[in-house]
Amino acid sequence: MPIAIFDFEYRKMPPAVPVPAHYTAAQVLVRVDGHPAAWVHVPLLDGRLMASAVEEALATQAPCEFWQSVARQDIIPCDAAEPDVHLLPSATVAVCTRDRAEDLQRCLESLRQMPDEGQEILVVDSASRTGATRAVVTSFPGIRYLRLERAGLNVARNAALAAASGEIVAFIDDDAVADPQWLRAHRRAFSHPLTMASTGLTLPLELETPAQEQFEAYGGFCRGFRPRTFRCQDLHPLQAAITGAGVNMAVRRTAADLVGPFDAALDAGTPTLSGGEAEFMARLLASYFQIEYVPRALNWHRHRRTEAELRRIIYGYGVGIYAFWTRQVWRERELGAAYLAANWLLGDQLPQLVSSWVRRPAELDWQLRLDELRGCLAGPLAYLRSARAAEQERRPV
Amino acid sequence: MIDHTTAVQPVLSVVIPTRNAPPSLTTTLAGLARQTLPPDRYEVLVVGGVDEEAIERCVPAGLPYSLRILVKRGPGASRRRNFGAEHARADLLVFLDDDMGPEPGLLEGHVRAHAAGSGRRVVMGYLPPPLDVSGAGGQVDWLKAELRDWWEDGFVAMTQPGHRFSYSDVLSGNLSLPTALFQEVGGFDLDYYPCRDDFELGVRLLQAGAQLHMCQDARSWHHDKTDLPRLLARKTDEGRIDVQLARQYPHLRPALLISKQYRELNISSRALRFVARSSPATADFLAGLLTPLLALCERLRLRGTWRRLLGGLLVHAYWRGVLNVTTGWDDVHDLTTAPAPSLASIDLAELEKVDGMRQVAKDLQCRKLEGVRLTWHDIPLGRLPPQAGAEPVGDRHIAAWLAEEGALPLMRARNLGKLLALSAADISEIAHDPFLLACADLQVCPQVRRKVDERQVAFRPEVVWNIDLECGRQALEPLCIPHAMLVRVRHNNQELGWLSLPAEECTRTLGRVLYALLAQLDHAAFIAR
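Those protein sequences? They're chains D and H, same order as listed. Under numbering that gives the first Met the number 0, the first residue of the first sequence carries the number 0, and numbering increases by one thereafter. Under numbering that gives the first Met the number 0, the first residue of the second sequence carries the number 0, and numbering increases by one thereafter.
Treat the hints with caution; some may be incorrect.
[Unchecked claim] In silico SDA-like cross-links for lysine to any residue, where the CA-CA straight-line distance does not exceed 20 Å:
(1) LYS71(H) - GLU52(H)
(2) LYS259(H) - GLY327(H)
(3) LYS234(H) - PRO177(H)
(4) LYS143(H) - ASP73(D)
(5) LYS259(H) - LEU234(D)
(6) LYS234(H) - SER268(H)
(7) LYS143(H) - ARG230(D)
(8) LYS143(H) - ASP233(D)
(9) LYS143(H) - LEU234(D)
(10) LYS143(H) - GLN232(D)
(11) LYS352(H) - ASP73(D)
(12) LYS352(H) - ARG230(D)
These are calculated hints, taken from the structure and not from any lab test.
Modelling step: build the complete structure from the supplied sequences, incorporating the hints.
The structure is reproduced here in structure tokens:
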């Protein structure tokens, strides 16, 4: 049952918006002063989205921060003085892509919509098998193209960090679309010298298929509307996946010099499938650096459309997280990983697997939970294999 | 004595106390040579504790500014700071430690911060956090990192718009103030040795009406060399000096660690404190055992255990210091009792009037309140709690509070004010206002725990039992409750208290319940939110 997606400013919604007939409900992003503030599920009335229904949905679903920003807007009409854009650190936007020309086209179009504040846009082509990627990039004048012959998302991220000219490098996936304020929000997050990375809010670009809805129900990428600062005093480095996802993050270029580059043995393009950015964030936290979560840095991600793709993704997350923990035990001597893994398995994964099996099909597909668990079990070995392969790759022939 | 005294009157006198002229003094002096402020506008006074020759060996060649070397023997850097201040020629004093790496804008930052102030400003410079906190083996040194973050947290707090500056924000490592103000309060008190001399100066500066200010442009790198033994020794000194502060300034007591820990310690820390009192030798032996454990935890990456162990060691060291200079628990108890702070209500309805904020500011300036309750007519909104040893509440703090957590309560109160002015018929309409409902935070749950649109009210069975409470959306219609009732009010599962509602009016709207809630709730409980 497809769900329509809308983006409105609070109190500036049209009273009724017609919605194509195949949608059964709407998911609405409500902004206050142009900044994302709430994400609510709204039923449709006679094929229309009513402003009153959104209001009602806000009354029950909006987080406290939403009302706080509404109240602030009423009491203090203009936002506190924004720092001058030119004083913010310079930025490079890096898109790491492989054989997804159509998605890349949409992504680059959205990046072109951002206000020009002197940012550089860099596309890192991770050994695409066709020339379509290059063709898309050349159709956008002024966008840099970097071709790598070696596949691997983390290899591409390292190449982006090395080639970028900006002080910070903002990463966006090729299947995501950036909000015009996305980059500025990331740049603003780096005001503190100890902040080495920031992550942002990612919402679904479309909810057309059951697989996409299921991905959202599984947790999606949304980390809420409250800005947060993550430090190792409050977050164990091994739980770094909480800080955000690689689809929407920015890294200070010098961070790689301080804690080492992204691990080439992790993430897409290797047997470990994911976990690359979480592992990097873990090293940042363990070195007592800060990671900012900024909901104003908004982008939209097109989730996988088919169930087969979704299952592969969820399996990949399982592999990635355990591969990341394996690396932490092996290389960083973080013995806590074993404890965390056991805790997660016994306290969370197994009970959920059982309850979703009992309540199927009402509960989220238990097959997904099983896939995740299978991935977890495959994770440690996948990392060892991947690390060996990466080692051989590095050795001169 | 090297003296490059020029005829021009300097605007700044930089006083650097040094005991035995460490090599870092050379860095400090060299950094002062690369300032954006022209060198004829400042002079530097290095006050040594041993002899002039040792200092002269540290002086780099070709300094562009006027440098004077003085000697004042005796314990304590503050003795040398006072001595340097007596010989300063400029109207503005900058105190700098001898292990600093001044950035080029340091002195200009201080001058500008004073120019923007009232003439009674005390300006704290910024010590940026070093990125590298690795220890001997190249690994991150946890203690170094935690200490860096502790310093940095202090500076970050000072840059917040609503920060209430306190005596403990005065840090003598990179500090500037008018020479006249420094002399007026009598300089540093030499009885405070070897630490907290700057805090004690802060107490007197605040009493003299000085305005504390933090300037991020006045930056200097600090080469902190604190290790665990030094930290523990310092903690013991702090315990001892805190007793001295508590005796001399009773109003400060609630802010001191001694008061906080006296009441708030957990069982294991209480046990540690007890052992520290009854058998210091045993306590030292135990602490000695814990120290190597700390290193082991770090090697095994046991963060939580490491942090708890360190906390325990610091508590022990602090209380060793406290108990050394007190006569018993009764004495400690006396040191933790403080005079009641001054607290008054400020009605923010004033802000609706023309020039309202200025009136409020003037009012606050006269009354010098330690804490305020903020209301909207008679509806409590929140409060700026009394903070021992901090500057009095000013309009800056109220404005910052309104911009953050105060916005929502004020908004609610305004809406409720409108609600009260309405007739019963209008009220039912207002009860549909999603904003009002979402702001309500009223959780309504009958004894039978029926969920009412995710808001739950609990009724005491003996008071009302047979209430007809409809489920779902209808619950947002005027509630028909023909009884007096007690409502348990909870917020985020935290109980705020019971609220009694009289029976005179049979029909109540949620809005009325809300109003009663705000008007009747015990103030302290309301604030607990």
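Evaluated hints:
no., hint, verdict
1, LYS71(H) - GLU52(H), "holds, 14 Å"
2, LYS259(H) - GLY327(H), "holds, 18 Å"
3, LYS234(H) - PRO177(H), "violated, 31 Å"
4, LYS143(H) - ASP73(D), "violated, 45 Å"
5, LYS259(H) - LEU234(D), "violated, 26 Å"
6, LYS234(H) - SER268(H), "holds, 15 Å"
7, LYS143(H) - ARG230(D), "holds, 15 Å"
8, LYS143(H) - ASP233(D), "holds, 17 Å"
9, LYS143(H) - LEU234(D), "holds, 19 Å"
10, LYS143(H) - GLN232(D), "holds, 14 Å"
11, LYS352(H) - ASP73(D), "holds, 17 Å"
12, LYS352(H) - ARG230(D), "violated, 44 Å"
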